[in-house]
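Quick note on my numbering: the sequence shown kicks off at 43 and runs consecutively.
Accuracy of the hints is not assured; some may be wrong.
[Stated by the list, open to error] In the DSS-like style, the derived pairs of lysine-lysine whose C-alpha atoms are separated by at most 25 Å in a straight line are: (1) K87 - K51; (2) K87 - K66; (3) K110 - K87.
Derived from the structure by calculation, the hints contain no laboratory data.
In this text the structure is predicted, and so the values were computed from the model without any measurement.
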Amino acid sequence: SGQTFESWKANIVPELERAGWWGKVQNQDLTGTGDAIYVGPRRLKVIYDTNLRTARAAGQWARIQQAKGERPYLRYSAVLDRRTRPQHRAWHGTVLPVDHPWWHSHFPPNGWFCRCNV
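Work the whole structure out from these sequences, hints included.
This is how it looks when you write it as structure tokens:
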């Protein structure tokens, strides 16, 4: 909805606490594992960032579909700095038709904090 991280965090933390999803969580019914997991500010940052990038990608994909008659190809572009994953670096420069099946599994974001684009 366009909220800042701090605004979203202020709203979501009470919800997570009520649902048992805040702090150390060791409940196999909730997590699917018997191991303890920790849900705190760092994990919230990952969730917020992932939601932002995924929402942006969905909008971008819709625009790409509308324009594919005039722009029928996509080019994968990685940032290419020291933080770039080797796999993303290998995909850099790949050019394929918009409707190629490769995009079903490679359209960014591809993992946590992925900075790639098309």
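Status of the hints after comparison with the structure:
no.	hint	in the structure
1	K87 - K51	holds, 9 Å
2	K87 - K66	holds, 17 Å
3	K110 - K87	violated, 34 Å
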